[in-house]
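Peer 1: Following the hints, put chain B in place on chain A, whose structure we already have.
Sequence order for the protein chains is A and B.
In this text, residue positions in the first sequence follow my numbering: the first is 1, and each later residue adds one.
In this text, residue positions in the second sequence follow my numbering: the first is 1, and each later residue adds one.
These are calculated hints, taken from the structure and not from any lab test.
Accuracy of the hints is not assured; some may be wrong.
[Said to hold, decoys possible] Computed from the model, here is a short list of chain B residues facing chain A with C-beta under 8 angstroms: (1) Cys138; (2) Ala161; (3) Glu186; (4) Ser209; (5) Thr380; (6) His411; (7) Ser470; (8) Ser474.
[Claimed, not checked] Covered stretches of chain B, as calculated for chain A (at least 3 residues, CB under 8 angstroms): (9) 122 to 131; (10) 152 to 159.
Ideal Cβ positions, reconstructed from N, Cα and C, are used throughout, including at glycine.
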Amino acid sequence: IAYFSQIILMIADDMACNPRNPRPAMVFNNANEQINVYGHDVEVDYRGYEVTVENFIRVMTGRLPPSTPRSKRLLSDDRSNILVYMTGHGGDGFLKFQDAEEISSIELADAFEQMWQKQRYHEVLFIIDTCQAESMYQKLYSPNILGVASSRVGEDSLSHHVDSAIGVYVIDRYTYYALEFLEKVTPESKKTLSQFLKVCPKSACVSTVGVRTDLFQRDPKKVLVTDFFGSVRNVELSPYTVTLNDTGDTGDSTASDRETCSADSCAPKKKIQRKKMSYVDQFPVEQFLKRR
Amino acid sequence: MAAPMIMRLFFAGSFLSLISGVHVADVFNEELLIKPLDSGHVYAHFQFTTKWDIDIQTQQNFTHYGLFPKSLGEVLAKYSVHELHLSLTQGLWRHRIWGYPVVSAPPGAELWAWFKRDTTNIDKKWSDLVNALSGLFCASLNFMDKTATVSPKLSFRPLGAADQWIATNSTYLRYAAMPGEMVCTENLTPWKKLLPCDTKAGLSTFFKSGKLYDTSYHSLGVYYKSVCTDAECDTTGVELVQSLAVVYEPPVRQGGKQDWSFKSLFGRFLTNSCPVAEASHILVDITGNKTLAYHFHLSPPPDRVETATRGGDKRKFAIYDAKKRPPSGLNLAAKYNRNVIYKQPQPPQLHAHRFITGFGQENGGIVTMLFNTDPKENLTVIYMEMVPWFIKMYFHTLKVEIDGMQENPLHIHYVQAKDRQQPCLMEVILKLPANTTTKVSIDFDRTFLKWTEYPPDANHGFYVTSAVVSTVLSHAGQYTALPQHSDKLISLLSLNDDISSEFLLRIHTETLLVSLPTPDFSMPYNVICLACTVVAIGFGSVHNLTTRQFIEVDPTKNKGFLSNIKDKLKRKKKETDAKVHKEEKSDSIEEKKS
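So here's chain A without its partners, still in its complex pose (with noise of 0.2 angstroms):
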């Protein structure tokens, strides 16, 4: 079985392309503009008024609609390692979307419980960069999450430095010092994930860096940071042999469409009588015309 990478990307404001940014189609890291994080090949799934509450716990727990295309489906099995990033505004117990409604920390809780039921996942770990980020991890009751967040209940989480060409503040102190971190990670780095829990400390962050690791089951020292950031594609390999069945789908598939048969077989009865085509009058107003 081989692994693959899913990534789904929420993005509530168009801030790359928004008439303020002085660089289109880039966000940078820092006020240099070291690195564009928006980069060439960005895909947001979930963009403008479709980031909700609703639809991120769609995301998680797969309840998602027939017609959902596969970009926008976290497609993860049990032995699918997650990690889920968020930020925004928070406070003690909910995080804000959209400044117009919350997801707390008891409906994440059960998200995750859901999960866990239907084994989506096999390792979760969850950072959050909000103010009193430590609350949305503290209500988690199911197992192998490694929580880590920016600062403590009763702490703000505080923002790194402003961009004067912009207007704002660019980078949080915490998704800084991780970004700065991760950089130096490559896809054959041994580097571990107790490494990474220790990315922040008091004198950078001026919050506390909290994390949680009753419910993880591995010892973060012996857990690699690739384990989560890369898509480390791991091959197992097989002595059985499985037959694959041939489902013919490539349109309406009909009733008559699931046996098998031979070109020869099929063709007479998918006959559909082709009609004559040609190029269509552009401008119909003759009709309209003549009755004047």
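Peer 2: For chain B alone, coordinates are given in the frame of chain A:
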């Protein structure tokens, strides 16, 4: 480094197709048209055409893919799509100043599709199609549900080959638009991946998001239709055109000069060409390069210069063959002799301007001005408008005035809106006399929505999509669109033989932003606080008053412990008061004595 890889892939691909015995007859062309505009802007239009000689009516054909993108082909086959036109645009095309683009697109997202003849349950197929496309292009197209979709009857006939019966049956057509949709790198990324050479070779290496989004206008287009492959249209094929149109403004960065080059527009030279492309051309429209006062010089010199006559209009093109570029790379550059001379724009034959009228939050009006600038020729236009249901249009207020004088339109097709079910569709056929301004106006009422129906940024307002004006021009001044039967821009040159004297033109107006009466969303909190306070104070007091029993207290009876202490304290106070009073009295008596 990338080129040998692509060559290897190409050979592998062709080798594999030979083995499988399936001949995938598709042809890919890439072209770039650069047109400097009189206003100092530079219009660049990329067109990537994949023509696939398969019969659209046979379902099994959509199983083996060559250059035609598989991800898009599977979606089109699964949802029985006959024709699809999707555009994602950022910015407004200014017809009055810039003339006509190759393909017109409104700001935001616009999607219209014709479904195949025997399609059942078209509404479900449309809903699944928009969901699939929203995943494919990273746009929130899934909001194009029934409440935002219409079936126009007169506009948007199939642009490609179609069954004549279907073409006049608008129940197979669905049109929707989202004017508030923004376009950014995440839309360009999957669009680029549909190209056979991705961004590794050819003209698509120019797609750097940092440069492409720093423009006055940016439009991505995906257009899929059937085409006739022979004169009698006995055999048909399908054609996919991916277009990217950008309008730059060089004078802003270059101190007033309209100089442009590949390096300044796209950030790099053209160093390779897509090996799977049949041809790769760059066309520069040099028709405007006539006057000695203001002209530009192209370097390197073009491979050939040709003049195309189309409907009485002569256009001169400088053509470069990108497959024969020099080894150091091609950096096409134009140098002007002086700064831009800004002058009154020469508007094209037809342009439009649309805006909202009225004040307050109760009602308003939509007015569209249609300008026919030609001194001699009358124009017949189809004016189509789609308005969401919460802007209640009043049909009886529809007024058409030509230069101030009221006129009746030739024909009106009006589908009334239904609350929370469908938008209002209005198609009007108008005759615009030569050299006149026509004003189409209609009044509306603003609705007070239910509080859950407001978006998170309710005070921003609600968008109304562009109106679409379709007409047929008899001469091609400033017209750059392609005729129905041709697919490549280079074919603009061979249109000397084009006997058609009619040019279909479609333009889009501005979008509108309507503010609806918005409630104060903090009110539920305020109301709860107020109500609870009133209840606590009012109810508590009233309950106390009405249920309290007044009984006489016997002063001699044994009272409680606390009241005993209170009485003792009271008595002590009385004694001390009496003492002080006595002392004062004695003091005063003594004073009197002394």
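Peer 1: The structure should be examined with respect to each hint, and the outcome stated for every one.
Peer 2: Against the structure, the hints:
1. Cys138: holds, 5 angstroms
2. Ala161: Where the cut-off is 8 angstroms and the nearest Cβ of chain A is about 4 angstroms from Ala161 (chain B), the hint holds.
3. Glu186: Holds, about 4 angstroms.
4. Ser209: Status holds, d = 4 angstroms.
5. Thr380: holds, 6 angstroms
6. His411: holds, 4 angstroms
7. Ser470: holds, 7 angstroms
8. Ser474: violated, 12 angstroms
9. 122 to 131: holds (count 3)
10. 152 to 159: Our answer is that it holds, as 4 residues pass the Cβ test (under 8 angstroms) against chain A, meeting three.
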